[in-house]
Amino acid sequence: MTQTLAEPVQVATARSVRLIYFAWVRERVGLSEEEVALPASAETVLDVVRWLKTRDEGYAAAFADEKLIRAALDRVHAKPGTRLGNAREIAFFPPMTGG
Amino acid sequence: MTQTLAEPVQVATARSVRLIYFAWVRERVGLSEEEVALPASAETVLDVVRWLKTRDEGYAAAFADEKLIRAALDRVHAKPGTRLGNAREIAFFPPMTGG
Amino acid sequence: MVPDIPRDSVVGTDVITPTIRIQRENFDLATEVAALSAGRRDIGAVVSFTGLCRDEGGTLRALELEHYPGMAEAEIARVAIEAATRWPLTGLTAIHRFGLVEPGEQIVLVIATSTHRRAAFEAADFMMDYLKTRAPFWKREHLADGTTGGWVEAKQEDDDAALRWS
Amino acid sequence: MVPDIPRDSVVGTDVITPTIRIQRENFDLATEVAALSAGRRDIGAVVSFTGLCRDEGGTLRALELEHYPGMAEAEIARVAIEAATRWPLTGLTAIHRFGLVEPGEQIVLVIATSTHRRAAFEAADFMMDYLKTRAPFWKREHLADGTTGGWVEAKQEDDDAALRWS
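Protein chains in written order, with this note's numbering: chain S, 128 to 226; chain P, 128 to 226; chain V, -13 to 152; chain X, -13 to 152.
Extracted from the complex, chain S is given alone in its bound form (with noise of 0.2 Å):
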């Protein structure tokens, strides 16, 4: 397989996503959730995890231990190699205590 010669077009434009926070992860992060313009580097939901990590103290704290983090694409449960495509909504919790 040969690499086609024109480049992919998202390259230089960063995506603005909306992130979501659950339980202790939102405590940690001090937030419920925010718009931000993830980096093109973002190919999956665990580059976006390792991201945020490096931009404070809070979310280091929050994304600290990576095998308790569990995440949504737009409302749809995601491992952290899954590839976020369009996703528009991307949610971080611990794992579900419910029922």
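FYI, nobody ran anything at the bench for these hints, they're computed from the structure. Possibly wrong hints are sitting among the right ones.
Stated by the list, open to error - Below, in silico cross-link-like pairs of lysine to aspartate or glutamate (EDC-like), each with a Cα-Cα straight-line distance of 16 Å or less:
no.: 1; chain 1: P; residue 1: K180; chain 2: P; residue 2: E154
no.: 2; chain 1: P; residue 1: K206; chain 2: P; residue 2: E154
no.: 3; chain 1: P; residue 1: K180; chain 2: P; residue 2: E193
no.: 4; chain 1: P; residue 1: K206; chain 2: P; residue 2: E216
no.: 5; chain 1: S; residue 1: K194; chain 2: X; residue 2: D145
no.: 6; chain 1: P; residue 1: K194; chain 2: V; residue 2: D145
no.: 7; chain 1: S; residue 1: K180; chain 2: S; residue 2: E193
no.: 8; chain 1: S; residue 1: K206; chain 2: S; residue 2: D174
no.: 9; chain 1: P; residue 1: K180; chain 2: P; residue 2: D192
no.: 10; chain 1: S; residue 1: K194; chain 2: X; residue 2: E50
no.: 11; chain 1: S; residue 1: K206; chain 2: S; residue 2: E170
no.: 12; chain 1: P; residue 1: K194; chain 2: V; residue 2: E139
Said to hold, decoys possible - So these bits of chain X aren't anywhere near chain V, every CB distance computed over 10 Å:
no.: 13; residue: E11
no.: 14; residue: A31
no.: 15; residue: E50
no.: 16; residue: E52
no.: 17; residue: A63
no.: 18; residue: R64
no.: 19; residue: W73
no.: 20; residue: V138
no.: 21; residue: A140
Said to hold, decoys possible - Among the chain P residues that face chain V by a calculated CB cut under 7 Å, a handful are:
no.: 22; residue: S143
no.: 23; residue: L146
no.: 24; residue: F149
no.: 25; residue: A150
no.: 26; residue: W151
no.: 27; residue: A199
no.: 28; residue: R202
no.: 29; residue: P222
no.: 30; residue: G225
no.: 31; residue: G226
Just so it is clear, CB atoms sit at the ideal spot from N, CA and C, and this is done for glycine as well.
Since the structure of chain S is provided, determine the placement of chains P, V and X on it from the hints.
Just chains P, V and X, lined up with the frame of chain S:
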């Protein structure tokens, strides 16, 4: 093991018990219950079934398929080989269909 | 002041006394659930099973439930005590009707309560499997065309289900 | 006269529409059971699970239930549709509360109805396992001493229970 010299005392005494019938066993026998004198040779549940079959055509029909007969001794489930002991009430019925 | 003893510690050691009823009259699910849970703060899970009479596609007018009065309550109590011994229950109720029951009406009720859901689910499931195969009840069909149908035959699948617990 | 179509034949082919509610208010078991079964003559089994708030030996004053409003109903509906596809159900209801719930109060309700008991038991059990591990709800403890305790941690046993169905 040698046989004791004294003969068992109950040999000559026919035991009197109450027999109770349910569902299609009751219908085929034509009775809900009866008091009978069991022959001294009847030592197990199956012995009673085989003796009853000899009494008339109704009993013969009720107990024709021995695998479909369930029994209880003094209101506790019993197997064909269960010994009668001192049971005063012996019930016969089809497989149960409660619930 | 007498100090409160946490209820959990009591539940763990005492075996509860099941409620068993064999009756002609109907029963009420909400009333029976309330009897097990009202005023308590140590119950986490309530599982109920209600068995209803089906009309079998319109062919059935009623089920006639015959039972062995002397044995039915004792046998269900035996099974209930076994359930209460196997699972850490806070309450257990089993009610079975006899007589004529019409489609849509209730036949049998089992309620199991516990601190945790798995015990409540399994105990209720176990109770129903044993009620089906060991409680001395027999069903006869009364058909919509006015005739009396046969006695309902026991199902192999019910025997198999009961074997799951042994 | 239009001939009656036996209900069983309809049930076998159509997948039912589950009732899903996420609400702050309490719910009533009897009302919800009646909504699934009133006027029907084709239901043989009704299994209900009610989850209640426990006082944890007197240490808990209340549970605070946080949820993801946009996702909770959609996720429970997804699981309910899967249950209705796997088992031949005649009805399925799932209600989950949010907000502050005190010991003894109801938190969650699942009701599954079917012609046969195994389907109703398994579907209700399945729904609860998935509600525990996939519905976006989080519980925080408010303690009897007036302080706010921590967030309840997810249990490995709940994940293990959910894996039984895959």
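Open item on the list: Check the hint pairing P:K206 with P:E154 against an upper bound of 16 Å on the C-alpha distance.
Closed with: With Cα atoms ~22 Å apart, P:K206 and P:E154 exceed 16 Å; violated.
Task: Given as non-interface: X:W73, partner chain V, CB spacing beyond 10 Å - done: About 14 Å separates X:W73 from the closest Cβ of chain V, which puts it past 10 Å; holds.
Open item on the list: Just to be careful: measuring from the Cβ of P:W151 to every Cβ in chain V, is the smallest value less than 7 Å?
Closed with: holds (5 Å)
Task: Reported absence of X:E50 from the contact zone with chain V (all CB gaps over 10 Å) - done: Nearest chain V Cβ is 17 Å from X:E50, so the label holds.
- [ ] Below or equal to 16 Å on CA atoms is what counts here, so check S:K194 against X:E50.
- [x] violated (24 Å)
Task: chain V contact restraint on P:R202 - CB to CB distance below 7 Å - done: At about 4 Å, which falls below the 7 Å cut-off, the nearest Cβ of chain V leaves the hint on P:R202 intact, so it holds.
Open item on the list: Check whether the Cα positions of P:K194 and V:E139 lie no farther apart than 16 Å.
Closed with: Within the cut-off at roughly 14 Å; holds.
Task: chain V contact restraint for P:A150 - C-beta distance below 7 Å - done: Since the shortest Cβ distance to chain V is 4 Å, the answer is holds.
TODO: Decide if the proposed pair is consistent with the structure: P:K180 and P:E154, CA atoms, cutoff 16 Å inclusive.
DONE: With a Cα-Cα distance of about 15 Å, the restraint between P:K180 and P:E154 holds, given a limit of 16 Å.
Task: Least C-beta distance between X:R64 and chain V, which was stated to exceed 10 Å - done: With a cut-off of 10 Å, X:R64 remains clear of chain V, as the shortest Cβ separation is near 21 Å.
Task: Restraint check for S:K206 with S:D174, where alpha carbons must lie at most 16 Å apart - done: Holds - the C-alpha atoms of S:D174 and S:K206 are around 11 Å apart, at most 16 Å.
Task: Restraint status (C-alpha distance of S:K206 to S:E170 at most 16 Å) - done: At roughly 13 Å apart (the allowed maximum being 16 Å), S:E170 and S:K206 satisfy the hint.
Hints 2, 10, 14, 22, 23 from the earlier list are contradicted by this structure; the remaining hints agree with it.
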